[in-house]
Each structure stands twice: as C-alpha cells, then as structure tokens.
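Just need the whole structure built from these sequences, with the hints factored in.
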Amino acid sequence: MIPERMVNGAVLAGLLVVPLWAMVANEPFTITLATRAVIFALAAVGLNIALGLGGLVSLGHAVFFGLGGYAMGILAHHAQTYTPLMEWPFLIEGTKSMPVIWLVAMVTSALAALVIGLLSLRTTGVYFIMITLAFGQMFYYFAISWAKYGGEDGLSIYVRNGFPGLNTLVPIQFYGLCFGILCLVLVLNAALARSPFGLALNASRQMPTRVETVGLDPMRLKLVAFVISGTITGLAGALFADLNRFVSPTMFSWQMSGEIMIFVILGGVARLFGPVVGAVVFVALEHFLGGLSDYWHIYLGLLLLLIVLFARGGIVGLLSGRERTHD
Amino acid sequence: MSTILIIEQVLNGLQFGVMLFLMAAGLTLIFGVMGLINLAHGSLYMIGAFAAAAVAGLTGSFLLALIAAMAAAAMAGVLIETVVIRRLYATDHLDQVLATFALILIFSEGTRWVFGSFPLFLDIPDALSGPVSLPGGIEYPFYRLVLIGVGLVVAIGLGLLINRTRIGIQIRAGENDREMIAALGVDISRLYTLVFALGAALAGLAGALVGAIQSVQVGMGEPVLILAFVVIVIGGIGSIKGAFIGALLVGLTDTLGGIFLPELFKLFTDAATATSAGSALASMAIYILMGAILIWRPTGLFGARA
Amino acid sequence: MTDPVLETHHLSKSFGALKATDSVCLDLQPGEIHAVIGPNGAGKSTLIAQICGGLQPDEGRISFQGVDVTALPTRARAKMGLARTFQISALAMEDTVLQNVLLGALGAAGQPWRFFRPVMQDASLRSRAEDALERVGLSDVRTSRTAELSHGQRRQLEVAVALTLQPRAFVMDEPMAGLGVDGSRRLTGFLDELRAEAPILLVEHDMDAVFALADRISVLVYGRVIETGTVAEIRASKAVREAYLGEST
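Protein chains in written order, with the numbering used here: chain R, 1 to 327; chain Z, 1 to 306; chain F, 1 to 249.
Hints in this document: simulated from the structure, not taken from any laboratory.
In this text, all values refer to a predicted model and were calculated from it rather than measured experimentally.
Heads up, some of the hints might be wrong.
As the list claims (entries may be wrong) - Beta-carbon label-pair distances, calculated as ranges:
1. 318(R) - 166(F): 36 to 46 Å
2. 309(R) - 65(F): 49 to 59 Å
3. 164(R) - 65(F): 52 to 62 Å
4. 169(Z) - 189(F): 54 to 64 Å
5. 82(Z) - 24(R): 34 to 44 Å
6. 81(R) - 288(Z): 23 to 33 Å
Claimed, not checked - Chain R is faced by these chain F residues, among others (derived, beta-carbon under 8 Å):
7. 39
8. 41
9. 71
10. 74
11. 75
12. 93
13. 102
14. 108
15. 113
16. 120
17. 123
18. 126
19. 130
20. 181
Glycine residues also receive a C-beta, built at the ideal position from the N, C-alpha and C atoms.
Pasting the structure below:
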C-alpha cells in the first residue's frame with residue numbers, strides 16, 4: 001500500500017513530466033492527449049465536490065460542461081464573424097480573450113447550477129439522479145434545435161482564443177495553462193474540504209438532521225456545493241471547447257454526464273485526486289485500448305465492472321488502501 | 001389543422017406511449033422490488049430487436065422473431081442478474097449507475113462486434129402491413145394499431161399478474177417488506193431473478209415491435225431508456241399504474257408537442273421562428289413536464305418512497 | 001413561578017385516527033429538570049419532534065423564551081438555543097469525534113460560509129469543541145472515527161454536541177438508553193450539575209435516573225399528560241399507578 005499523498009504526488013509528477021517529454025520528443029499529439037485528460041480531470045473535480053462531499057449524485061453535469069463550451073463557442077463565433085452578440089439594450093461584442101470567456105462560462109454555469117439545484121434538491125435519491133438527467137436532456141435538445149448557433153452540427157472556431165502573455169496555439173503552452181488551472185482548483189478543493197463549509201457539507205451528506213439540530217441549513221449547504229461544483233465543470237467546458245476549437249450538443253449529452261461521473265468513480269469518490277486519476281486513466285485507456293481494438297468499450301466496461309464490484313474506493317483507494325476520509 | 005390529423009397524432013402518441021410502457025414496466029418493477037436502477041435496460045431492448053431481426057431473417061416468421069426477442073432478452077437479463085446485478089442490490093445508487101453503465105458499454109460494443117455497425121431491418125409481416133380505414137375516413141397503419149393493442153393487452157395482463165396471482169402478491173410484498181417475504185418462505189433470490197427476467201422480456205418485446213418500424217441498430221436502446229426513466233419518475237417509481245399513466249403522458253406530450261407547439265408559436269411570430277422555437281420547445285417538452293411534476297410532487301404521481 | 005423557558009400550549013397531533021399528542025401542556029422552568037415518562041407508544045418521541053421542529057403540530061403552540069416558535073424550522077429553534085439529543089444517535093459516523101463537536105461549535109457560531117481556512121485551525125471553534133469533549137469525558141478518543149465508538153460513548157458525544165451550542169434549554173431523548181450501570185450513574189451526576197446551566201426536558205425510561213434527577217415529572221399516556229408533579233406526588237398518584245407504574249413494575 002502506498003500512502004495517498006504519494007499517489008497524488010506521482011500523478012502530479014506524471015502530468016508535469018510526460019508533456020514536457022513529449023515537447024522535447026516532438027510528440028504534439030501526446031500533449032493534446034494530456035491536455036484532454038487535464039480538462040476532463042477539472043470537470044470531474046467539479047463534480048466530485050457535489051458528489052463526494054455533498055453526496056449529490058448528479059447525472060446532469062454535462063449541462064455545465066456544455067454551457068462552458070457554448071460560452072466559448074458563442075463569444076468566439078461572434079468575434080470571428082465580427083457580429084455583435086446583441087445590440088439592445090446595450091451592445092455586447094464577441095471576444096477571443098480566454099479570461100473573459102472563462103468568466104462568462106463560470107457565471108453562466110453558476111446561475112444554471114443555482115436554478116437546477118434549487119429545483120432538484122427538492123427531491124432525493126433516484127429522483128435527484130433522474131431530474132438532473134432530465135435537465136441535461138433539456139439543454140441537449142435545446143442546443144440541437146438552436147439553429148442560430150449551429151444546431152446539431154455545433155460551432156467551429158478557426159483560431160484558439162488568446163491568453164495574455166501566452167501563445168495558446170503552442171500545445172505545451174495551452175497545456176500549461178490548463179494544468180495550472182487544475183492545480184489551482186485542486187488547492188482550493190483541498191482547502192474547501194477542510195474548511196468550516198467542508199465540515200458542515202460533509203455532515204449534511206451523512207446526517208442532515210444533525211446539521212439542522214445545530215442550527216445550520218443542510219439544503220443551503222448542498223445548494224452552494226452544487227453551484228461551486230457546476231462552476232468548476234463549466235470552466236472545464238470552456239477549456240475543452242478551446243482544445244477542440246469546436247463545440248456541439250454532444251457536450252450536453254447524457255453520455256458526457258456519465259463519463260464525468262466515471263472519471264470520479266474510477267479514480268475514487270471524495271478523494272482529492274480521485275477525479276484526476278480517473279480522467280487520466282480513462283484518456284489513456286481510450287487511447288491505448290482504442291488503438292488495439294475497435295471494440296475497446298467492452299474492455300472499458302469490464303474494467304468499470306471490476307472496479308465497482310471489487311474496488312469500492314476506485315483506483316486511488318486500491319493503491320492507498322485507506323478508507324476515504326476528508327483530511 | 002384537421003380533426004383527422006389530430007386523431008392520427010393522438011394514435012401515434014398512444015402507440016409511442018404503450019411501447020414506452022413496455023420498457024417502463026420492467027424498469028419500475030425492478031426498482032420497486034429490488035431497489036435497483038438499471039441503466040442497462042435499454043440494452044435488453046436492443047438485444048430483443050437484434051434477436052428478432054436475426055430470427056426473422058433466418059425463418060421469415062414474425063411470430064418466431066417476437067418469441068426469440070423475448071427469449072433472448074430474458075436470457076440476457078437472467079445472465080446479468082445472476083452474474084452482476086445480484087451483487088448490487090445492497091449497494092448505493094451510485095454503484096448501480098456505474099455498473100449498469102458499464103453493462104451498456106459491454107452490450108453495445110458486443111452487439112456491434114457480432115452484427116457490425118450497419119443497421120438491420122425487420123419487416124412488418126404482410127398480414128399486418130398497410131393502412132386500415134377507421135370511422136371518420138381516417139387511414140391509419142394497421143401495424144401501429146396492433147402495437148397499441150399489444151401494449152394494452154400487456155398492461156392489462158401485468159395488472160392482473162400483480163393484483164391477482166400468487167407471484168404478484170410476492171412481488172408486492174417484496175416492494176413493501178423484504179424480511180416479511182423471506183419469513184413467508186419465498187425464495188427471494190429466485191423471485192428477483194424472475195422479476196428481472198420478466199422486465200427484460202418486456203423490454204425485448206418492445207425492441208422487436210418497435211424495430212419493425214424503425215431501424216435496428218446499436219445505441220437504439222438508450223434514447224428509449226431515458227424516456228422510460230422519465231416515465232417511471234413521473235409515475236412514481238415502483239408503481240405499474242404510474243408507469244402506464246406516465247407512459248401515455250410522455251407519449252402524447254412528445255408526439256402532440258412536436259405538431260402543435262410550432263403551430264401555436266405561429267400565432268405569435270413568423271413561420272420560420274415559430275417552427276424552430278416550437279420544435280425546440282417540443283423536444284424539451286417531456287423533460288419540462290417531468291421537472292414540473294417532480295417539483296410539484298417530489299416522488300412522482302403515484303410514488304410512495306424516494 | 002418565573003417565566004418558563006419552554007412551554008407547550010394544548011399541543012395536538014394525530015396520525016389518522018391515532019391521537020399521538022392530545023392537548024399537551026408542559027413547561028420547563030429555569031434551573032429544573034422536567035422529566036417526561038410514559039409507557040412505550042405514549043407519544044414521547046412525537047412530542048419531542050414537535051418541540052424541536054421536524055413535525056408540525058395540528059393544533060396548539062410552542063413558545064421558547066417567550067417567542068412563539070411553532071412555525072419555525074428546526075434550525076431556527078436550534079439557533080435560539082434549543083439543543084436536542086437523539087434517542088438513536090444522529091452523528092456523522094464517517095467523521096471523527098472532534099469533527100462532530102466542531103460541527104456543533106460551527107452551528108452555534110453560525111458561520112458555515114467560510115471556504116478557505118481549515119476549521120481545525122480556528123482556535124475559538126476548537127476550544128469550544130474540546131471543552132465540550134472534556135466535560136463529557138471523551139477527550140481521549142477525539143481523533144477516533146465516530147463509527148468506532150461504543151454505544152455509550154456515542155450517547156456521550158450526543159450530549160457533547162448539545163453542549164457546544166451553549167443552549168438555553170436541553171431536550172434529551174433517552175440519554176441513558178443502553179448505558180451500563182456505571183455509565184448511567186456518571187451521566188446522572190453530570191445532568192444533575194448541568195441543570196444549573198440550562199434546564200433540561202428529559203424523556204427517559206430509566207426510572208432510577210428520573211427519580212434521582214427530576215424536579216418535576218409529567219406522565220404521558222396515550223398522548224395525554226395524566227399527571228404533572230414532584231417525584232413524591234407522582235409516586236403517590238393513584239392515576240399514575242393505575243395507568244403506568246402498576247403495569248410496568
């Protein structure tokens with residue numbers, strides 16, 4: 001058994017070394033794969049706050065991933081076609097600036113999470129899973145029929161958006177940006193889990209009546225967790241769209257929600273690095289198994305089954321063997 | 001808009017609804033009795049459709065194809081119940097979602113591996129094809145009427161099974177009190193397998209029946225699965241009656257919404273905007289319906305427990 | 001008599017045809033332990049749920065420190081200083097003992113919206129939590145996971161969480177249940193002193209503890225208070241003997 005701290009360290013080191021090696025060896029595709037993994041990890045870290053800490057099994061996180069994606073797609077689309085986003089009551093132009101896009105993606109996702117959370121938290125258990133799924137489907141079908149922004153075909157962006165001081169067209173620089181954001185969010189996540197809010201949220205998951213009897217509102221704690229969670233996944237969506245320079249309704253699909261959830265569970269629910277490990281392993285499997293066999297989903301399915309049936313703590317749990325804790 | 005069109009659309013909605021009911025009945029029984037969320041139910045639907053297409057291709061008999069569909073789906077159901085699902089009853093919903101999601105991957109890719117990526121076709125038998133004339137001068141496809149009939153017969157049969165037979169009493173007891181039923185000396189694991197096989201057979205039947213009016217292909221199960229979930233959530237999880245009413249509500253909302261919402265919007269805006277906005281809203285209509293019902297009644301129309 | 005801290009006025013609650021609470025009038029005076037006893041099914045738990053929130057009475061009202069709290073949610077009553085312990089431990093089992101009392105301290109401080117600084121480094125919350133553990137004698141196991149505690153220790157932890165709230169009144173649902181003779185005796189001594197801090201509404205099955213502690217006793221039978229009085233009065237009451245004590249002893 002390896003201490004969880006060392007597993008986490010090894011993962012971080014790997015995410016630092018492999019892309020650098022790929023840069024030296026001139027393997028840009030590897031860097032793209034690593035970027036994909038890091039962005040998926042970010043989306044899953046977001047979900048893990050709702051799922052792991054708050055116990056909210058959301059099968060609709062693709063909503064936020066997609067909203068982030070479309071925030072990027074729509075702003076950049078207007079910028080590249082030199083058309084304003086809207087003229088009345090005041091003029092809003094498109095933009096190619098990542099920080100602005102991120103801000104819009106996060107605010108939009110946060111608002112959506114607030115509304116979806118307010119409505120969904122009235123239900124529990126399976127009903128919560130299903131109502132979040134239903135919200136996902138609403139956005140999915142809305143995006144498909146929104147012809148103005150490409151409908152089913154989605155939107156393509158010709159040139160990746162810019163970040164002050166960086167050339168985001170260089171794969172390693174864009175990777176560095178995404179990796180930096182992931183690290184920052186992980187630091188915030190670690191702080192959150194140990195904070196008074198984290199303690200109260202954690203207790204709300206386990207025993208909401210207890211939380212009420214000490215004078216706190218477990219629903220409101222969960223709602224705030226859901227909003228934070230959606231905001232982070234929304235940011236990941238904006239980055240993902242920028243990686244592909246493309247956004248389409250599939251970002252809203254329920255399979256996307258399912259995949260984000262797989263990252264979390266594969267790696268280990270409620271563990272800080274669980275979602276990161278899950279996303280990295282998933283992307284690696286997708287690449288290697290996909291290269292070996294056209295039917296790689298069979299092997300992925302078998303692996304997931306084995307994890308669920310025999311390794312409850314996910315991969316991180318398998319390696320570090322510790323029961324899940326939050327400190 | 002003519003009365004004929006409206007009647008046609010209502011029939012289409014009913015037909016869609018009863019097929020959804022075949023899916024939803026199994027899902028809701030499995031959840032009600034075993035407390036399990038089975039995402040792989042759509043795979044059983046797909047297996048039924050493929051088995052029917054294969055057998056119909058070999059024998060030319062639609063009846064044999066239907067029997068094969070139910071048998072194949074039931075066998076697949078028994079297989080996954082005994083190998084995988086059984087281990088999930090005591091676990092939380094998260095594990096169930098993930099494990100049955102994994103089963104979808106395995107079944108979908110497995111089917112692609114065996115049958116290839118191209119859609120298969122299942123023909124409507126001659127005796128059931130062609131339109132029939134209904135009172136009022138409506139020409140309506142006979143096969144779709146047959147589907148409505150089959151759906152209603154299954155619904156009545158299930159109702160009788162649950163309410164009137166020994167096995168039905170055991171199933172209802174299983175929903176209420178597991179210990180009680182074990183105390184009555186019922187072999188609970190056999191009951192679970194039986195319920196699972198029954199649900200699977202119904203899904204397989206739905207797959208075969210619908211396969212004859214759509215193409216049979218990998219991935220056909222998931223859209224239906226999600227709608228079936230919407231149905232049971234609206235109806236209240238565990239309730240057959242709820243599943244039936246929910247299925248008809250969803251079937252009618254989806255079909256009628258697609259026709260009437262664009263028309264409705266045309267009253268307010270120009271035709272192009274109305275068509276796009278109307279169809280956008282129509283495709284979201286059932287999810288809006290579900291959201292609204294859950295906000296109004298957090299455990300569905302006929303649901304007792306969360 | 002001074003103004004009561006907690007008072008119920010003709011509280012009633014029915015489940016279908018069953019009258020679980022039938023026009024119950026109780027009051028809790030400063031500095032006293034008021035015990036509520038009654039046979040199983042007398043409606044004690046239903047009564048507590050209405051007093052602490054979580055169950056709305058059909059009729060009647062509840063006032064706490066002179067304020068009508070009938071319509072307030074559980075958490076608002078807790079914030080006003082009403083601390084409850086549960087019959088079946090309601091603790092965060094995956095968390096440590098210290099984390100559970102910290103939650104109480106956090107609730108009392110009313111500051112859950114802090115996202116960055118570790119809760120363990122908050123000196124005031126921590127000292128409040130550690131004090132409570134010290135008082136119930138759980139300091140030694142503060143880093144244990146709650147799931148690993150013995151039954152008796154969990155009961156002590158319930159009391160400790162209530163202490164962190166520094167409440168104006170305690171409502172305790174069978175705190176002695178499942179404690180051994182020693183444990184019962186220790187908790188009895190502890191509650192005896194605690195009443196000076198805040199009065200206690202004590203629902204309890206352990207008659208030795210009740211007779212040792214209670215300033216007043218109310219006897220609940222089929223949802224109705226059939227007698228309220230001092231230990232001696234209750235012992236002497238014919239109605240109580242017939243309805244309750246006669247059956248159980």
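To see whether the hints hold, each was checked on the structure:
1. The supplied range of 36 to 46 Å is met by residue 318(R) and residue 166(F), whose beta-carbon atoms lie about 45 Å from each other.
2. Checking the proposed 49 to 59 Å range against residue 309(R) and residue 65(F) shows it holds: the Cβ atoms sit about 55 Å from each other.
3. For residue 164(R) and residue 65(F), the Cβ-Cβ distance of about 58 Å falls inside the hinted range of 52 to 62 Å, so the restraint holds.
4. Between residue 169(Z) and residue 189(F) the CB atoms are about 55 Å apart, so this pair conforms to the stated range of 54 to 64 Å.
5. The hint said 34 to 44 Å for the Cβ distance between residue 82(Z) and residue 24(R), and at roughly 52 Å that hint is violated.
6. Look at residue 81(R) against residue 288(Z): about 32 Å separates their beta carbons, and that is inside 23 to 33 Å.
7. The interface hint given for residue 39(F) is broken, as the beta carbon of that residue sits about 26 Å from the closest beta carbon of chain R, more than 8 Å.
8. Hint status for residue 41(F): violated, given a least beta-carbon distance of 22 Å to chain R, over 8 Å.
9. At a threshold of 8 Å, the smallest CB-CB gap from residue 71(F) to chain R is about 16 Å, leaving the interface hint violated.
10. Of the supplied interface hints, the one on residue 74(F) holds, with its beta-carbon coming within about 4 Å of a beta-carbon of chain R, less than 8 Å.
11. Satisfaction of the interface hint for residue 75(F) is found here, the shortest Cβ-Cβ separation to chain R being roughly 5 Å, below the 8 Å cut-off.
12. With a least beta-carbon distance of about 6 Å to chain R, the hint placing residue 93(F) at the interface is held under the 8 Å criterion.
13. The beta carbon of residue 102(F) comes within 6 Å of a beta carbon in chain R, closer than 8 Å, and the hint placing it at the interface holds.
14. Given the 8 Å rule on beta carbons, the hint for residue 108(F) holds: about 7 Å separates it from the nearest Cβ of chain R.
15. Taking 8 Å as the C-beta contact cut-off toward chain R, the hint placing residue 113(F) at the interface holds, the least distance being around 6 Å.
16. Nearest Cβ of chain R to the Cβ of residue 120(F): about 7 Å, under the 8 Å cut. The hint holds.
17. Contact between residue 123(F) and chain R, as hinted, is not supported at the beta carbon level, the nearest pair being about 13 Å apart and thus beyond 8 Å.
18. Because the smallest distance between the Cβ of residue 126(F) and any Cβ of chain R comes to about 11 Å, over 8 Å, the interface hint for this residue is violated.
19. Because the beta carbon of residue 130(F) sits about 15 Å from the nearest beta carbon in chain R, more than 8 Å, this interface hint is broken.
20. The interface hint given for residue 181(F) is broken, as the beta carbon of that residue sits about 28 Å from the closest beta carbon of chain R, more than 8 Å.
In summary, the structure is inconsistent with hints 5, 7, 8, 9, 17, 18, 19, 20 from the numbered list given earlier, while agreeing with the others.
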